[in-house]
Amino acid sequence: MTTLVTTPLASSALPAPSDSSTRVNTVGTSRARDGDTKRYFQGYEYTRANSTSVKITYRCSFYRPSKRCPGTLVFYANTMTFDVDNMVSHTCRSGTSRGQPVMIPAISVTEEMKAFVDSLIEEDMVAKAIWTGTYTKFYSASARVVRGLSHKLVLNRVSNARASAYGSNVLALLESPALASQA
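When we follow full-length UniProt numbering, the leftmost residue of the sequence shown carries the number 1, and every step to the right adds one.
Possibly wrong hints are sitting among the right ones.
List of simulated lysine-lysine pairs, PhoX-like, C-alpha gap at most 20 Å [claimed, not checked]: (1) K38 / K137; (2) K114 / K128; (3) K152 / K38; (4) K38 / K114; (5) K55 / K38; (6) K114 / K152; (7) K137 / K114; (8) K128 / K152; (9) K137 / K152.
Think of the hints as simulated: they come from the structure by calculation, not from any bench.
Computed from a predicted model, the values in this text were never measured in an experiment.
Please model the entire structure based on the sequences and the hints provided.
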């Protein structure tokens, strides 16, 4: 007959395995997202697909089983630029093709987008119209790779600004003539 001795360390651990060949399953932990996974170029949205110490590959956001757009954009860490001449072309929709330099850096328009969205919030536009105007101004005809706010961030900014302006009174949105006619 064997006796089981428990120590404070053993009691907090997993139950003891019955034999020495038992494997322990561990739950994989996901990395915290840094919010810097999207880039926009010539009206296309790219999402980070692969990261190494040499380069970061961005894939077209339409890379899903239904469309499988092969469009990619590569960022090289040693030169801190995007390789535009060797991009894989898109099949999801026709984009604009312009003569671009071989390597170009990305520009950040985050602060300009925030100011633009804030000015549109004051004009009592609906959230989707604000996103459409923002996307058209900053992303549609961009000749450079652009880093800015995503669709979700713009909609959250609009709803947070309106929540702070109107408070908990949900019916206050109906008092605004522009929003009442579009609701």
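These are the hints, each one checked on the structure:
Between the alpha carbons of K38 and K137 the distance comes to roughly 17 Å, so the proposed pair stays at or under 20 Å and holds. A hinted pair counts as satisfied when its Cα atoms are at most 20 Å apart, and K114 with K128 qualifies at roughly 15 Å. Between the alpha carbons of K152 and K38 the distance comes to roughly 12 Å, so the proposed pair stays at or under 20 Å and holds. With a CA separation close to 17 Å, the supplied pair K38 and K114 stays within the 20 Å bound.
Only pairs whose Cα atoms come within 20 Å are accepted, and K55 paired with K38 is accepted, the gap being roughly 15 Å. Taking the CA atoms of K114 and K152, the gap is near 13 Å; set against the 20 Å cutoff, the hint holds. A threshold of 20 Å between alpha carbons decides the hint, and for K137 with K114 the separation of about 13 Å falls inside it, so the pair holds. Between the alpha carbons of K128 and K152 the distance comes to roughly 11 Å, so the proposed pair stays at or under 20 Å and holds.
Among the hinted pairs, K137 with K152 is consistent with the structure: their alpha-carbon atoms are about 17 Å apart, no more than 20 Å.
Comparing the model with each numbered hint stated earlier shows that all of them hold.
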